[in-house]
Amino acid sequence: MKYGIVIEDTDYRVAVRMAQEAEQAGWDGFFVPDAIAIEVEGMPSMPWFDPWVVLASIAVQTSRIRIGTFITPISRRRPWKLAREAMTLDHLSAGRLTIGVGLGAAEDDGGFKKVGEAMDLKVRAELMDEGLSILDGLWSGEPFSFEGTHYHVDRMTMLPVPAQSPRIPIWVIGVWPKGKSLNRALQWDGIIPQKYKAKPGDSPKPSDIEALAKYVAERRNKTSPFDIIAGGMTLNQSRKRAVETVRSFRDAGATWWMESIWLTDPTQIEKTLALIAKGPPK
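Numbering follows the numbering used here, with no gaps: position 66 of the sequence shown is 95.
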C-alpha cells in the first residue's frame, strides 16, 4: 500500500510546505482539489488557488513524492488544453503526476452553473468519457483524430509526449455498486470509490473495498497496474488506532490510503505540519 495526503485548497505557500514535509516524512503522494469557486449555501465563500499552478510550484520544490489533482472535473475543461497542461506538469515533476477525475461537485462549484457549464449528469458523463479518450490520444505523440457527440479533433499531434509511459496515470471516481460508473474506471489506471447515494461522511468501508477489489479482479481485462484508493482521516487518532484503521483497508484490497486534511482553522497549520511529520500510518 502507498500513502497519500489530499488537502483542501489553502495558501499556496502552505501547500508547498506540506508537500515538502510529507516527502521528508515518507508519504508517497500529495494531492490537491480542482475547483473554480466553492460556494456552499450557508457557508462563507472559500479562497481557491489554481491547482495546476500550485502543483507546478510543488513539482519543482520536491523530488520524490507523487503529486496530482483529487479530483479534476473534466467536463468543464477543454481536453486538448488539459492534455498540454498535464504533459507539461508531468515533465516538471519528472514523471510524478497522477490525475484524479470525476463529474465534479456541480452544485457547489461556481465553475459549473454560474458560468453556464453543463449540469446534467448524463451530459457531464459523456463529456468526461470523450475528454479521457482525447487525453489518451493526444498523449500518444501520434497524429490523432476524434469525432464525438461533443468534441471534434482533426488529426492533431501533440509533442512532447508525457514523461511517463504509456501515459500519465488516471484515477476515475466510480460509484459503488453502479456497474456503468465502475466499468468506466476499469478502462483507466485506478478507481476512487464513492458509495451510491451516500450521505456526507459515509465513505466506503473495508467491506465495500473488499467487494470492489473482487469486482475489479473479475471484470478488468487489462494486465496493467490498477489502483484502488481508500481514504479518511486518521491523523488525530492514536497511532495504534490509525495503523489498525488503514491496515483494514489494505487487507481488503486498497492499494492507496488517502489521508484527508481539511484546514478549516489557519491557526492549526503548524499542528498539521507536525502531524504530517509523523509519517504515514503504517
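The hints are simulated quantities; they were obtained by calculation from the structure and are not laboratory data.
Be a bit skeptical, because a hint or two may be false.
Here are the simulated lysine to any residue pairs, SDA-like style, with alpha carbons at most 25 Å apart [to be verified]:
id, residue 1, residue 2
1, LYS311, ASN250
2, LYS142, ILE67
3, LYS234, SER267
4, LYS224, GLU136
5, LYS311, SER289
6, LYS224, GLY166
7, LYS234, LEU264
8, LYS207, LYS269
9, LYS224, PRO254
10, LYS226, PRO195
11, LYS307, GLY140
12, LYS207, ASP237
13, LYS224, SER194
14, LYS228, GLY140
15, LYS31, SER289
16, LYS151, ALA192
17, LYS110, TYR41
18, LYS311, GLY282
19, LYS228, LYS110
20, LYS300, THR274
21, LYS228, GLY166
22, LYS226, LYS110
23, LYS209, GLU171
24, LYS224, TRP205
25, LYS31, ARG268
26, LYS207, LEU264
27, LYS207, ARG268
28, LYS151, GLY170
29, LYS269, LYS209
30, LYS307, THR91
31, LYS251, GLY166
32, LYS207, SER267
33, LYS228, LEU111
34, LYS209, SER253
35, LYS142, LEU111
36, LYS307, SER277
37, LYS31, ASP256
38, LYS31, GLU136
Comparing the hints with the structure gives:
no., hint, result
1, LYS311 / ASN250, "violated, 31 Å"
2, LYS142 / ILE67, "holds, 12 Å"
3, LYS234 / SER267, "holds, 20 Å"
4, LYS224 / GLU136, "holds, 18 Å"
5, LYS311 / SER289, "holds, 16 Å"
6, LYS224 / GLY166, "violated, 31 Å"
7, LYS234 / LEU264, "holds, 18 Å"
8, LYS207 / LYS269, "violated, 34 Å"
9, LYS224 / PRO254, "holds, 23 Å"
10, LYS226 / PRO195, "violated, 35 Å"
11, LYS307 / GLY140, "violated, 36 Å"
12, LYS207 / ASP237, "holds, 13 Å"
13, LYS224 / SER194, "violated, 31 Å"
14, LYS228 / GLY140, "holds, 23 Å"
15, LYS31 / SER289, "holds, 14 Å"
16, LYS151 / ALA192, "violated, 33 Å"
17, LYS110 / TYR41, "holds, 23 Å"
18, LYS311 / GLY282, "holds, 15 Å"
19, LYS228 / LYS110, "violated, 34 Å"
20, LYS300 / THR274, "holds, 22 Å"
21, LYS228 / GLY166, "violated, 37 Å"
22, LYS226 / LYS110, "violated, 32 Å"
23, LYS209 / GLU171, "violated, 30 Å"
24, LYS224 / TRP205, "holds, 5 Å"
25, LYS31 / ARG268, "holds, 17 Å"
26, LYS207 / LEU264, "violated, 31 Å"
27, LYS207 / ARG268, "violated, 35 Å"
28, LYS151 / GLY170, "violated, 30 Å"
29, LYS269 / LYS209, "violated, 38 Å"
30, LYS307 / THR91, "holds, 18 Å"
31, LYS251 / GLY166, "holds, 18 Å"
32, LYS207 / SER267, "violated, 35 Å"
33, LYS228 / LEU111, "violated, 31 Å"
34, LYS209 / SER253, "holds, 21 Å"
35, LYS142 / LEU111, "holds, 21 Å"
36, LYS307 / SER277, "holds, 20 Å"
37, LYS31 / ASP256, "holds, 10 Å"
38, LYS31 / GLU136, "violated, 32 Å"
Figure legend: structure checked against the earlier numbered hints; hints not met, in rising order: 1, 6, 8, 10, 11, 13, 16, 19, 21, 22, 23, 26, 27, 28, 29, 32, 33 and 38.
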